[in-house]
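There are 2 protein chains.
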Amino acid sequence: MTVKPTLHTCLSPALLHLYDVSSSIVIIIDVFRATSTIAAALYNGAKSVIPVDSVPKAIEIAKNIDGIAAGERDGKVADGLQYGNSPLVYSKDFIDGKTLVLTTTNGTRLLQMALDKNAQTIIAGSFPNISAVCDFLINEKKNVVLGCAGWKDRFNLEDTLFAGAVIHRIKKYFQIHCDSSVMADALYTKHQKNLLAFAPQLTHYHRLVERFGLIDDIKFCLDNDVANVLPVYEDGKLIVRNT
Amino acid sequence: MTVKPTLHTCLSPALLHLYDVSSSIVIIIDVFRATSTIAAALYNGAKSVIPVDSVPKAIEIAKNIDGIAAGERDGKVADGLQYGNSPLVYSKDFIDGKTLVLTTTNGTRLLQMALDKNAQTIIAGSFPNISAVCDFLINEKKNVVLGCAGWKDRFNLEDTLFAGAVIHRIKKYFQIHCDSSVMADALYTKHQKNLLAFAPQLTHYHRLVERFGLIDDIKFCLDNDVANVLPVYEDGKLIVRNT
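Each protein sequence line maps, in turn, to chains A and B. So the first sequence is numbered by this note's numbering: it starts at 264 and just counts up by one. So the second sequence is numbered by this note's numbering: it starts at 264 and just counts up by one.
These aren't lab readings, by the way, just hints derived from the structure by calculation. One thing to keep in mind: the hints can contain errors.
Since copy identity is lost for identical chains, a pair holds within one copy or between any two.
[What the hints assert, rightly or not] The list that follows gives simulated cross-link-like pairs (lysine-lysine, DSSO-like), each with its CA atoms no further than 27 angstroms apart:
1. Lys435 / Lys326
2. Lys415 / Lys267
3. Lys267 / Lys361
4. Lys434 / Lys456
5. Lys355 / Lys405
6. Lys405 / Lys380
7. Lys435 / Lys482
8. Lys404 / Lys380
9. Lys355 / Lys339
10. Lys434 / Lys404
11. Lys320 / Lys456
12. Lys361 / Lys405
13. Lys380 / Lys267
14. Lys267 / Lys435
15. Lys435 / Lys453
16. Lys482 / Lys453
17. Lys380 / Lys415
18. Lys434 / Lys453
19. Lys267 / Lys310
All chains, full assembly: derive it from the sequences and hints.
So this is what it looks like as structure tokens:
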């Protein structure tokens with residue numbers, strides 16, 4: 264009998280040290296909104312997305328390669344940048360054939376942490392590209408760590424819901440001895456029929472919708488397969504891997 | 264209008280730094296089994312429970328005060344000790360009038376961390392004393408951090424279920440802007456009618472039941488108010504506060 268690969272869910276970047284990242288595929292999950300935006304930009308033809316950890320670095324790199332510098336801090340377009348972290352901005356008209364240099368509060372940081380810990384493979388996951396992510400994980404047959412970016416190291420519901428959605432689809436292919444994964448699966452199962460109705464209970468919903476009116480962003484970020492590509496991190500950038 | 268105090272749930276000791284412990288009552292939650300054992304011992308007449316971080320310290324202190332040294336490592340009676348961390352051991356016959364010096368894997372450590380961060384008040388919570396805990400929190404009208412001890416810094420389901428059970432009872436008295444608390448409440452609500460039926464999905468269940476046959480411990484630890492006292496930490500020990 265073949266031994267199934269393992270699957271774990273890491274609920275916060277502050278817990279990443281507990282998982283064996285170096286022998287795993289790590290899925291970076293930042294549902295509102297970094298990984299949804301990465302999927303949208305690549306789906307709409309961006310050549311690549313370069314994640315960076317600071318605004319000055321985003322501006323400098325974008326200038327050198329004639330790319331688009333973008334990013335957010337605390338839910339808003341970061342000071343000094345023209346474009347933020349809304350997936351709806353990156354339409355085909357705007358982003359096709361261009362490179363996006365993106366800096367965000369949580370997702371970029373978790374990706375850097377996974378890199379520092381020598382993750383075997385890093386991909387970006389979100390509801391807009393959930394099928395591409397699940398197909399890849401099933402086909403690779405390797406250990407998986409679902410990495411929730413959270414909010415400044417705090418647990419958040421939306422990243423956990425996405426982890427749960429992935430587990431719900433692929434659990435029969437993996438060994439899961441992980442309470443976080445059981446919880447994520449249970450939470451997703453409870454709310455899968457109407458994620459949008461559950462959304463007002465999320466702290467991040469209040470930040471995005473009540474403060475900034477971004478309800479259309481929320482809808483996009485909770486919609487399955489509307490930007491169904493597989494973003495893989497290679498040589499400093501996220502590019503589409505054709506599966 | 265009076266402003267309600269806040270309530271947060273901390274899912275792992277590794278996340279405790281994210282919460283303002285110094286202005287809060289911190290509930291130490293280690294359902295399997297430290298805080299259930301503390302409630303049982305005090306309910307059955309122990310003068311106090313002294314939590315310590317090592318086996319040699321437990322032996323030394325117990326010797327000096329003619330107390331009972333006890334503790335576990337990895338679910339078993341710790342090497343060098345005669346008594347472990349099973350709440351069923353601490354019957355009235357055995358523990359009445361005595362002092363228990365207890366060292367455990369996760370609960371003791373979280374308590375020490377809360378102390379180091381100058382928690383305003385520290386109490387021990389578990390299903391066996393849930394009503395005493397909830398009554399105290401409602402009456403005090405102070406900010407609350409529900410601190411899950413977890414398993415070696417990993418998230419665990421049983422401590423989260425207890426946090427959810429507390430939230431379920433007292434949420435109308437608190438402001439809750441905390442995704443961990445929303446999740447814990449949802450998880451508890453889903454399983455409240457039969458916690459024991461959910462238990463086989465817990466990683467810790469396998470450790471305790473399949474490896475050590477401790478199903479009676481599990482039953483006790485998931486039972487409401489069977490040792491309904493309020494253990495408060497004062498001057499190095501947990502004692503019963505009469506409410």
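Now the hints, each set against the structure:
1. Taking the closest pair of Cα atoms, Lys435 and Lys326 never come within 27 angstroms of each other, the shortest separation being 46 angstroms inside a single copy and 53 angstroms across copies.
2. In the homo-oligomer, the alpha carbons of Lys415 and Lys267 lie at most 27 angstroms apart only across protomers (25 angstroms), although the nearest pairing inside one protomer, at 33 angstroms, exceeds that limit.
3. For the homomeric pair Lys267 and Lys361, neither the shortest alpha-carbon distance inside one copy (40 angstroms) nor that between copies (50 angstroms) is at most 27 angstroms.
4. Within a single copy, Lys434 and Lys456 get their C-alpha atoms as close as 19 angstroms, and across copies as close as 26 angstroms, so both meet the 27 angstroms cut-off.
5. Within a single copy, Lys355 and Lys405 get their C-alpha atoms no closer than 33 angstroms, and across copies no closer than 52 angstroms, so neither meets the 27 angstroms cut-off.
6. Taking CA atoms no more than 27 angstroms apart as the test, Lys405 paired with Lys380 passes inside one copy only; the shortest distance there is 17 angstroms, against 40 angstroms between copies.
7. Taking CA atoms no more than 27 angstroms apart as the test, Lys435 paired with Lys482 passes in neither setting, with 29 angstroms inside one copy and 30 angstroms between copies.
8. For the homomeric pair Lys404 and Lys380, the shortest alpha-carbon distance inside one copy (21 angstroms) is at most 27 angstroms, but the shortest distance between copies (43 angstroms) is not.
9. In this assembly of identical chains, the alpha carbons of Lys355 and Lys339 lie at most 27 angstroms apart only when taken from the same copy (23 angstroms versus 60 angstroms across copies).
10. Proximity of Lys434 and Lys404 under a CA criterion of 27 angstroms is satisfied intra-copy only: 12 angstroms inside one chain copy versus 43 angstroms between copies.
11. In this assembly of identical chains, the alpha carbons of Lys320 and Lys456 never lie at most 27 angstroms apart, being 41 angstroms within a copy and 53 angstroms across copies at closest.
12. For the homomeric pair Lys361 and Lys405, neither the shortest alpha-carbon distance inside one copy (32 angstroms) nor that between copies (53 angstroms) is at most 27 angstroms.
13. In this homomeric assembly, Lys380 and Lys267 come within 27 angstroms of each other (Cα to Cα) only inside a single copy, at 23 angstroms, whereas the closest approach across copies is 42 angstroms.
14. Within a single copy, Lys267 and Lys435 get their C-alpha atoms as close as 9 angstroms, which meets the 27 angstroms cut-off; across copies the closest is 45 angstroms, which misses it.
15. Taking the closest pair of Cα atoms, Lys435 and Lys453 come within 27 angstroms of each other both inside a single copy (19 angstroms) and across two copies (23 angstroms).
16. Proximity of Lys482 to Lys453 under the C-alpha cut-off of 27 angstroms is found in both arrangements, the shortest distances being 19 angstroms within a copy and 26 angstroms between copies.
17. With identical chains, the CA atoms of Lys380 and Lys415 are at most 27 angstroms apart both within one copy (19 angstroms) and between copies (20 angstroms).
18. Taking the shortest Cα distances, Lys434 and Lys453 sit within 27 angstroms of each other both inside one copy (16 angstroms) and across copies (21 angstroms).
19. Neither within a single protomer nor between protomers do Lys267 and Lys310 lie at most 27 angstroms apart by alpha-carbon distance, with minima of 35 angstroms and 51 angstroms respectively.
Of the numbered hints listed earlier, those contradicted by the structure are 1, 3, 5, 7, 11, 12 and 19.
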